[in-house]
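*Asks:* Below, each chain spelled out in residue letters.
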Amino acid sequence: MSWEFFLVTLITIGVAFGGLMGTIAYLILVERRLAAFIQDRYGPNRVGWAGLLQPIADGAKFLLKEDVIPGYVNKTLYILGPSIAVFTAMAGFAIVPFGPVDQAPSWMRFVIAPDVNIGMIYIFCVGSLGVYGVILGGWASNNKYSSLGSMRASAQVVSYEIPLGMSIIGVVLMTSSLSLNDILMHQANQGVLGWNVWTQPLALLIFFVSALAETNRLPFDLSECEQELVGGFHTEYSSMKFALYFLGEYAHIITVCFLTAILFFGGWQFPLIAEADSAYLGATLVKVVVLLTKVLMIILLIMFIRWTIPRFRFDQLMNLAWLGLIPMAAMNILVVMTAKQFDWPIWTLPLGSLAIFVAAGLIGTSGKFIVSDQTVDFSESPEGYVHVHS
Amino acid sequence: MAEELTPISNDDVVWMEEPEMGFWESTFLPAIFSGLKNSLRHVTDFKPVTQQYPEEKPDLPLNYRGVHRLNRDDKGRVKCVACMMCSTACPARCIDIVAEEAPKDDPLWADRDKRPKSFVIDELKCIYCGMCEEACPVDSIELTHIYDLTGLTRQEMKFNKEKLLEVFDQTKDNPRDPIRTHRGILGPASDFTSLPQVGPATQIPQGDKASEPVSTDVIKQG
Ligand code: SF4
Ligand code: SF4
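Protein chains in written order, with the working numbering: chain A, 1 to 390; chain B, 1001 to 1222.
Any given hint could turn out to be false.
[To be verified] In silico lysine to aspartate or glutamate, DMTMM-like type, Cα no more than 25 Å apart, as pairs: (1) Lys1125/B with Glu1166/B; (2) Lys1037/B with Asp182/A; (3) Lys1117/B with Glu1166/B; (4) Lys1047/B with Asp40/A; (5) Lys1161/B with Asp1113/B; (6) Lys1114/B with Asp1096/B; (7) Lys1057/B with Asp40/A; (8) Lys1047/B with Glu31/A; (9) Lys1114/B with Glu1134/B; (10) Lys340/A with Glu228/A; (11) Lys1158/B with Asp1122/B; (12) Lys1125/B with Asp1148/B; (13) Lys1161/B with Asp1105/B; (14) Lys1037/B with Asp40/A; (15) Lys1114/B with Asp1148/B.
[Claimed, not checked] So the derived list for chain B, only partly shown, Cβ under 10 Å to chain A, looks like this: (16) Gly1022; (17) Glu1025; (18) Thr1027; (19) Leu1036; (20) Phe1046; (21) Pro1048; (22) Ser1087; (23) Thr1088.
[Claimed, not checked] According to the in silico footprint, chain B covers these stretches of chain A (three or more CB under 8 Å from chain B): (24) 266-273; (25) 304-317.
Bear in mind the hints are in silico, worked out from the structure with no lab data behind them.
These figures come from a predicted structure and were not determined experimentally.
Cβ coordinates follow ideal geometry from the N, Cα and C atoms, glycine included.
Using the sequences and the hints given, assemble the complete structure.
*Replies:* Shown next, in the form of structure tokens:
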């Protein structure tokens, strides 16, 4: 390992880390302004032109605020919680390619850790470690609401890990590789029609829903729902430690959006301007911009979803994972494996996805009759509340 | 058994059934998309309801209750006759009045018997309920529309007679705070010939459920 490699790695880490931090700071501003617009308000618009200096003001405030550590907390774990949350989110980003890896300039790479050929497994391992930050924080806070929040987070992550992992098995099977760059190149080489979103729409749906749950975003942010749990797992956290949790959360969201763009939307590939073989001057830059635009679109979609869909109830959350997503993901894997084994043409895959989706919808519609023959009969309740006849 | 437990009469209960979920409903997708469309419409067709406060003043209703003032009569004297009605009516007990006899030898005060020696309202204690305004028989104390009341000390927020009269001088020409009574006359209490007609009590519209007697079998004895 030459010192040049070392230097390039350092530069890449600097670029990625700085970019990530700056993006997160401004994403929070974007989210606050967008939320305000959706709710017919202005949002923060006072610091700097249109509020553009707000992130800096927020950062200064977080740094200068008194850092309260309540007397009844377990100090080691209390400090470890936010550290783990940030560490795992940052470590997860290490293998995400944020540009065309093959055409990188000589002084930096477009991925921090190159040639990790088990990329997907690494991301899921590190990503699911992230919930330890939440669990430790909630537990160490020595507070009922915090521990309830972290209990919910752990139950949620345990459930949604499964559909999240299963949904991408189809993609991995199609590419025969676990490396993110290979998956990206596989799509890029086939042009826009090779994007996995056309062949695996159901996998995209399952992946996206589970990813929202993994990142604790609404409608799945049960671990920090204010109405029931005060602040959830971060009730006792203040100033910089509180900020670290949100840094971790947003870094996680960015990673997930990169994954969605790379796994399902062809990464930096875009018809005409950024094909796999386009080599005009500045093509590399265009590809980076295309990828970042796709990621930004997905982040905006997540923000819109946050301010649109109300929060799930906990049993609905569990039902959705165990009765909806996991069976669908299993069926999807079956369809992809069958298609690959018997060399079915590629257009059978979306049809298979559609069939699974329709079947799931039909089961959901008539589920009442299938689950049991118990019916709730209100007509014979002249004085009582509910009579159940079985 | 259940009959005794029902808190309301059975005749008042309407039983409803949960509507069946259709195919599209159980897939969630159409509802999510229509919701997203709705959110997007708010962004593209952005009509904020926020008022940008320091630049844009709020549009207060005419009966807004802000800082007090003590009205003057046509000779520029304080209208208050120190009857203590307002401080008695005040639920927050924040009006402190010391009365004195009006100087009879002074030609300005010849037609008055009593006047306040000091009149202090603690604007921090006040809950701005307007009871003092209601109670005053000579319409001397009134609430203005001034809402941005600040001060550096608690003492500063205790408004004395001079300050309250000053508020009157500041606001009397403001169309938002018109002088509500004829300036020359002290008020209805001092003018029995033109007392206003008392309006009819509020009528309950026909068919209003609140006006009907409660169903008889609601509360079971024993
Ligand atoms: S507005 Fe109400 S609380 Fe304030 S001084 Fe008048 S009566 Fe008292
Ligand atoms: S009720 Fe009116 S007249 Fe009587 S003391 Fe109060 S302000 Fe003066």
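*Asks:* All the hints need checking, so say for each whether the structure fits it.
*Replies:* To see whether the hints hold, each was checked on the structure:
1. Taken as a hint, the Lys1125/B and Glu1166/B pair is honoured in the structure, with Cα atoms around 20 Å apart against an allowance of 25 Å.
2. Simply put, Lys1037/B and Asp182/A have alpha-carbon atoms about 36 Å apart, too far for the 25 Å limit, and the pair is violated.
3. Restraint check: the Cα-Cα separation between Lys1117/B and Glu1166/B comes to about 16 Å, which is no more than 25 Å; the hinted pair holds.
4. Distance check on the hinted pair: Lys1047/B and Asp40/A sit about 6 Å apart at the alpha-carbon level, within 25 Å; holds.
5. Proximity of Lys1161/B to Asp1113/B is assessed by CA-CA distance (about 18 Å); at most 25 Å being required, the pair is judged to hold.
6. Between Lys1114/B and Asp1096/B, the direct Cα distance comes to roughly 16 Å. Compliance with the 25 Å bound is thereby established for this hinted pair.
7. Pair hint Lys1057/B plus Asp40/A holds up; C-alpha atoms about 19 Å apart against a cutoff of 25 Å.
8. Between Lys1047/B and Glu31/A the alpha-carbon distance is near 18 Å, which keeps this suggested pair within the 25 Å criterion.
9. At most 25 Å may separate the alpha-carbon atoms for a hinted pair to count; Lys1114/B and Glu1134/B meet this at roughly 20 Å.
10. For the suggested pair Lys340/A and Glu228/A, the alpha carbons sit about 47 Å apart, so the restraint of at most 25 Å is broken.
11. Distance hint between Lys1158/B and Asp1122/B is fulfilled; the C-alpha atoms sit about 4 Å from each other, no more than 25 Å.
12. The straight-line distance between the Cα atoms of Lys1125/B and Asp1148/B is roughly 16 Å, inside the 25 Å bound, and the hint therefore holds.
13. Pair hint Lys1161/B plus Asp1105/B holds up; C-alpha atoms about 23 Å apart against a cutoff of 25 Å.
14. Between Lys1037/B and Asp40/A the alpha-carbon distance is near 15 Å, which keeps this suggested pair within the 25 Å criterion.
15. Between Lys1114/B and Asp1148/B, the direct Cα distance comes to roughly 33 Å. Violation of the 25 Å bound is thereby established for this hinted pair.
16. For Gly1022/B, the shortest C-beta to C-beta distance to chain A is roughly 6 Å, which falls under 10 Å, so the interface hint holds.
17. For Glu1025/B, the shortest C-beta to C-beta distance to chain A is roughly 8 Å, which falls under 10 Å, so the interface hint holds.
18. Here the hint on Thr1027/B is kept, as its CB sits about 4 Å from the closest CB of chain A, short of 10 Å.
19. With a least beta-carbon distance of about 5 Å to chain A, the hint placing Leu1036/B at the interface is held under the 10 Å criterion.
20. For Phe1046/B, the shortest C-beta to C-beta distance to chain A is roughly 6 Å, which falls under 10 Å, so the interface hint holds.
21. The interface hint given for Pro1048/B holds, since its Cβ lies 5 Å from the closest Cβ of chain A, which is under the 10 Å cut-off.
22. A least Cβ separation of about 42 Å between Ser1087/B and chain A goes past the 10 Å threshold, and the interface hint is therefore violated.
23. A distance limit of 10 Å between C-beta atoms decides the matter here; for Thr1088/B the minimum to chain A is near 44 Å, and the interface restraint is violated.
24. Evaluation of the coverage hint for the region 266-273 of chain A: breached, as 0 residues show C-beta separations to chain B shorter than 8 Å, against a requirement of three.
25. Given as covered by chain B, the region 304-317 of chain A passes the check, having 5 residues with a CB less than 8 Å from a CB of that chain where 3 are the minimum.
Violated hints for the displayed structure, listed by number in ascending order: 2, 10, 15, 22, 23, 24.
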